[in-house]
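Based on the provided sequences and hints, a complete structural model is requested.
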Amino acid sequence: MSNTKVKNQLKKREVRQSVALTEATYDLSRDERRIIYLVAVQCAENNVPGQGSFDVTDYEIKVGDYQKIFGMELNEASRDLRGAIKSIYDKSVIIHDLDESTVNEKSIEEFRWIIGKKSLPKRGSWQITLNPLVVPHLTSLANSIKYPIQQIVGLKNNYQYRLYDLFMAELEDNNKGNRTIDVEWLRAAFCLGKSYELYANIKKRIMEPAIIEINKNTPLRVKYTENKKGKKVISWTFKYSFKG
10 MSNTKVKNQL KKREVRQSVA LTEATYDLSR DERRIIYLVA VQCAENNVPG
60 QGSFDVTDYE IKVGDYQKIF GMELNEASRD LRGAIKSIYD KSVIIHDLDE
110 STVNEKSIEE FRWIIGKKSL PKRGSWQITL NPLVVPHLTS LANSIKYPIQ
160 QIVGLKNNYQ YRLYDLFMAE LEDNNKGNRT IDVEWLRAAF CLGKSYELYA
210 NIKKRIMEPA IIEINKNTPL RVKYTENKKG KKVISWTFKY SFKG
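Mind the numbering: the sequence shown is residues 10 to 253 in this note's numbering, read in order.
Keep in mind that the hints were calculated from the coordinates and are not lab data. Possibly wrong hints are sitting among the right ones.
The calculated lysine to aspartate or glutamate pairs, modelled on EDC-like cross-linking and capped at a C-alpha distance of 20 Å, are [stated by the list, open to error]: (1) Lys212 with Glu235; (2) Lys20 with Asp40; (3) Lys252 with Asp182; (4) Lys240 with Glu193; (5) Lys185 with Asp99; (6) Lys232 with Glu179; (7) Lys16 with Asp99; (8) Lys71 with Glu85; (9) Lys248 with Glu32; (10) Lys185 with Asp174; (11) Lys225 with Asp174; (12) Lys100 with Glu179; (13) Lys126 with Asp106; (14) Lys232 with Glu181; (15) Lys165 with Glu222; (16) Lys165 with Glu235; (17) Lys238 with Glu222; (18) Lys225 with Asp74; (19) Lys14 with Asp36; (20) Lys95 with Glu193; (21) Lys203 with Asp191; (22) Lys252 with Asp191; (23) Lys240 with Glu179; (24) Lys241 with Asp191; (25) Lys248 with Glu206.
Just the calculated beta-carbon pair ranges, DEER-fashion [unchecked claim]: (26) Ser96 with Glu181: 44 to 54 Å; (27) Asn184 with Glu32: 20 to 30 Å; (28) Ile124 with Gly253: 40 to 50 Å; (29) Thr189 with Pro218: 18 to 28 Å; (30) Ser110 with Arg132: 37 to 47 Å; (31) Glu109 with Lys131: 43 to 53 Å; (32) Asn184 with Lys212: 26 to 36 Å; (33) Val242 with Lys131: 45 to 55 Å.
In this text, a Cβ means the ideal position worked out from N, Cα and C, and glycines have one as well.
Right under this line is the structure:
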């Protein structure tokens with residue numbers, strides 16, 4: 010089989026993710042998020058409707074697959090993957106449980122993404138042990154989103170990945186969507202630091218580049234408007250649909 014056919018087959022593999030994870034609070038780099046996407050692909054394939062489901066926590070990520078899917082030189086893929094696996098080991102995600110929250114206090118669940126890692130140099134790959142608490146969020150939950158991984162490979166950073174996932178979570182049966190996102194919510198969910206306290210910085214560094222890249226490199230066409238309270242922008246309303 011040619012490299013082109015292998016590459017195309019890899020990119021057609023399906024990502025699944027719960028809406029709760031889509032709206033969770035976490036801070037991952039571009040490469041760390043790519044690892045979660047690749048694990049999500051394998052999780053989806055391990056849980057096929059009608060064939061029974063089984064929980065697997067050990068996943069192998071091949072450097073060659075990473076290279077082909079995200080389009081880079083092999084040395085660059087090896088370096089990026091090594092660094093991302095090292096750094097994601099210490100990171101966690103916070104899931105918000107609305108059903109258990111009160112007016113005065115939110116219910117949150119926090120856990121690490123992975124609980125083990127192992128290099129496999131003879132095989133040109135890494136093995137990671139996914140936290141069992143993450144597994145349900147990357148499988149066929151009723152309240153989930155799904156799409157081929159090829160839809161997001163052209164995006165450039167975690168903010169763009171996250172916005173795309175948020176849009177897909179509100180995609181209707183007619184392949185159109187309408188979603189409003191609060192500025193303060195986004196600051197918290199994306200773990201934005203002090204440099205993003207100014208709205209102008211969020212707009213210039215995150216929102217405008219993200220919409221440009223999503224429109225250019227994914228099947229979605231997105232437009233948005235700013236919603237203001239007085240002179241202050243408090244939210245964005247996005248309208249989007251599949252191209253064509």
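- Between Lys185 and Asp174, does the CA-CA distance stay at or below 20 Å? Status holds; Cα separation ~14 Å.
- Quick one, are Lys71 and Glu85 close enough, alpha carbons at most 20 Å? holds, 13 Å
- Query: In this structure, is the beta-carbon distance linking Asn184 and Glu32 contained in 20 to 30 Å?
  - Reply: holds, 21 Å
- Message: Tell me if the straight-line CA distance from Lys248 to Glu206 falls inside 20 Å.
- Response: With Cα atoms ~25 Å apart, Lys248 and Glu206 exceed 20 Å; violated.
- Given the hinted pair Lys225 and Asp174, is their alpha-carbon gap at most 20 Å? Holds: Lys225 and Asp174 sit about 16 Å apart, inside 20 Å.
- Task: Below or equal to 20 Å on CA atoms is what counts here, so check Lys20 against Asp40.
- Result: Given that 20 Å is the threshold and the Cα spacing comes to 16 Å, the pair holds.
- Can the restraint linking Lys248 and Glu32 be considered satisfied, given a maximum Cα separation of 20 Å? Distance ~18 Å between Lys248 and Glu32 Cα, so the pair holds.
- Between Asn184 and Lys212, does the beta-carbon spacing fit 26 to 36 Å? holds, 27 Å
- Query: Taking only the CA atoms, is the gap from Lys165 to Glu222 under or equal to 20 Å?
  - Reply: holds, 8 Å
- Message: Please verify whether Lys14 and Asp36 have alpha carbons no more than 20 Å apart.
- Response: violated, 34 Å
- Message: Hint check: Lys126 vs Asp106, CA-CA at most 20 Å. Holds or violated?
- Response: violated, 29 Å
- Item | Given hint Asp182 paired with Lys252 - CA-CA distance at most 20 Å | The given pair, whose Cα atoms are some 15 Å apart, holds under the 20 Å limit.
Consistency note: the structure conflicts with the earlier hints numbered 5, 7, 12, 13, 16, 17, 18, 19, 20, 22, 23, 25, 26.
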